[in-house]
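Could you build all of it, start to finish, from the sequences and the hints given here?
Chain by chain, the residues run as shown.
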Amino acid sequence: MGAYIVRRLLQAVPTVFGVALLTFLLFNAFGPDPVRTALGNHATPEAMANLRHQWGLDQSLPLQFLDFLRQIATFDYGKSFVTGDDLGTQLKAGALVSLSVTMPPFVFGGIVNVAIALFITRHRDGVVDKAARALFIAAMSVSALVYVLALQYLLAFKLDWFPINGYEGGWAAVKYLGLPWLIQLLLLMGPDIRLYRTLFLADINADWVRTARSKGAGEGRVLFRHVLPNAWIPIITQNVTTIPFLILGSFLMERFFSIPGIGNLTIDALSRGDLPILKAVTVLGAMALVAFNLLNDLLYALADPRVRLS
Amino acid sequence: MTDIADVALHARPRSAAREALAALWARSHIRGCMIVTALYLLVAIAGYAHLLPDSEATVGDAQQPPSWHLATLLGTDLLGRSVLWRVLAGAQTAVTIGVATTALAVPLGTALGLAAGYFGGWVDAGVNWVYSVVVSVPDILLITAISYAMGKGLESMCVAIAATSWVGIMRLVRGEVMKHKNSDYVLAARSLGAGSRRIMFSEILPNVAHVAIVTSSLVLLAAVKGEVILTYLGLGIQDGASGGLLIAGASQDLTNEIWAPLAGTVAAMFLLIYSLSSIGDALRDVLDPRVA
Chain A
1 MGAYIVRRLL
11 QAVPTVFGVA
21 LLTFLLFNAF
31 GPDPVRTALG
41 NHATPEAMAN
51 LRHQWGLDQS
61 LPLQFLDFLR
71 QIATFDYGKS
81 FVTGDDLGTQ
91 LKAGALVSLS
101 VTMPPFVFGG
111 IVNVAIALFI
121 TRHRDGVVDK
131 AARALFIAAM
141 SVSALVYVLA
151 LQYLLAFKLD
161 WFPINGYEGG
171 WAAVKYLGLP
181 WLIQLLLLMG
191 PDIRLYRTLF
201 LADINADWVR
211 TARSKGAGEG
221 RVLFRHVLPN
231 AWIPIITQNV
241 TTIPFLILGS
251 FLMERFFSIP
261 GIGNLTIDAL
271 SRGDLPILKA
281 VTVLGAMALV
291 AFNLLNDLLY
301 ALADPRVRLS
Chain B
1 MTDIADVALH
11 ARPRSAAREA
21 LAALWARSHI
31 RGCMIVTALY
41 LLVAIAGYAH
51 LLPDSEATVG
61 DAQQPPSWHL
71 ATLLGTDLLG
81 RSVLWRVLAG
91 AQTAVTIGVA
101 TTALAVPLGT
111 ALGLAAGYFG
121 GWVDAGVNWV
131 YSVVVSVPDI
141 LLITAISYAM
151 GKGLESMCVA
161 IAATSWVGIM
171 RLVRGEVMKH
181 KNSDYVLAAR
191 SLGAGSRRIM
201 FSEILPNVAH
211 VAIVTSSLVL
221 LAAVKGEVIL
231 TYLGLGIQDG
241 ASGGLLIAGA
251 SQDLTNEIWA
261 PLAGTVAAMF
271 LLIYSLSSIG
281 DALRDVLDPR
291 VA
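In order, the protein sequences belong to chains A and B. The first sequence begins at 1 in our numbering and counts up by one. The second sequence begins at 1 in our numbering and counts up by one.
By construction, these hints were calculated from the structure, which means they are not laboratory data. Every residue gets a Cβ at the ideal spot worked out from N, C-alpha and C, and that includes glycine. One or more hints might be untrue.
[Stated by the list, open to error] According to the in silico footprint, chain A covers these stretches of chain B (three or more CB under 8 Å from chain A): (1) 101 to 115; (2) 221 to 235; (3) 242 to 249; (4) 252 to 264; (5) 267 to 273.
Now the structure itself:
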């Protein structure tokens, strides 16, 4: 186990190096000049040279890349170009806000959707199943943006149940998060239930399930005692690898409702040419993905004794 | 039923692609979806041939309600432009994005998958390194980075979505190629003196193409759906007409109780996305032997 973890971490080094190289090339080598973006078209050459020096952009590209690698290794991404704030503090605050937006619907939706999928599997190929399938295909053909718009219009603008948009820190945030939570719950239903139904159905005619049936187990017992325990593994897989995306936040929700999470931070940084934020978010996002993939594989081995870590 | 020997002797073998197409056409629901998709394609072609009315032209007053003239069937927008013409132009943009992204991602993913699977060794190691780098970056962040590097707009959005979607195709094609490369028919071709290129493209590719075709329908769908969100976030289309721009614009009208532009745009996007995803599902059923 320990040796396996060490080897996987070593394997991640070239990947993270590649991510750093890709990130650096896209932002520092190919992207527009952030100094020009900040100062506009009428800046004096001296002002531009000063800012370039202040931001460390007057060094050669290889030196800048080495500096970026040092930042990645020490988890110290420096300061934002625009606000001058320490990025660590800014990103931590943003990640907490993002998690408060995405985590509750993820957890609650996960439980509800597994339950609905079990119910649909119980009545597979019946009216409920067919109607649900048709409904989900149709519902998933409408853009997420339309649901956001329509529900904001109906529940916030018309019925006044929620504020139109905005955010406050602390417990007051709940007031503003209600609508984004509700919308995400709805958006998760289609893809989640379809996935869980497929997972349950994959085992519904397996040998051990047939054995259970022939021993007289009812459909409910078959589902809960024989199908569900086995389906937990792919469900864990799906959900563990989603966690980095929860930290990253929902760009659409944060933008639409003006919630200051990572998503909003990133889009703002993009329009201001705030390279440190953009690069830090990209590399940290990738590292989180790599780490949670490893965690997922470890959980997989714990959950399924047939899986050997080698 | 026809005599099997008879078929084997006299019927011309039909290609897998033609058989799949026939199987799709046989389902009335999928036939309808294919016709709808073809209509969108026609709209796009007509748009590029300048056969569609100008979507930027003023046809009436601002925010005119729908009426029984073709140009104002869905009313007009804030600048007095025909919503229907703008929806058609938006359909043209959607088809363009779908086709361009697929045309970038599928050949790239297939070629790299073929090379990695066939040659193995350092080619495989190199391709897999690029793969592991690209899948490690969350899609939205890779798209953000590419739109920063290339500037926002249609081209960079197509490149960005393609950059996030070739990886899946590469991985699937690679796996299939590895299964095929030591099979008897490849051995036979090699012993007849066929070179690597011939074996890869003439022998193996036709046998693994179904994987690329099924996933290409997913890429197409992801591109059309992705445009709306990316454009809303400011990473996509900047001007003209597109699903994202039209929906965002129509949302301004909502507060004035004007529903026609939103309803028209949503209906147009729905028909296209619904048809594409139905065809994609059916394609997977027909072409992928693993799925029952």
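Exercise. Failing hints, ascending?
Worked result: Violated: hint 1 alone.
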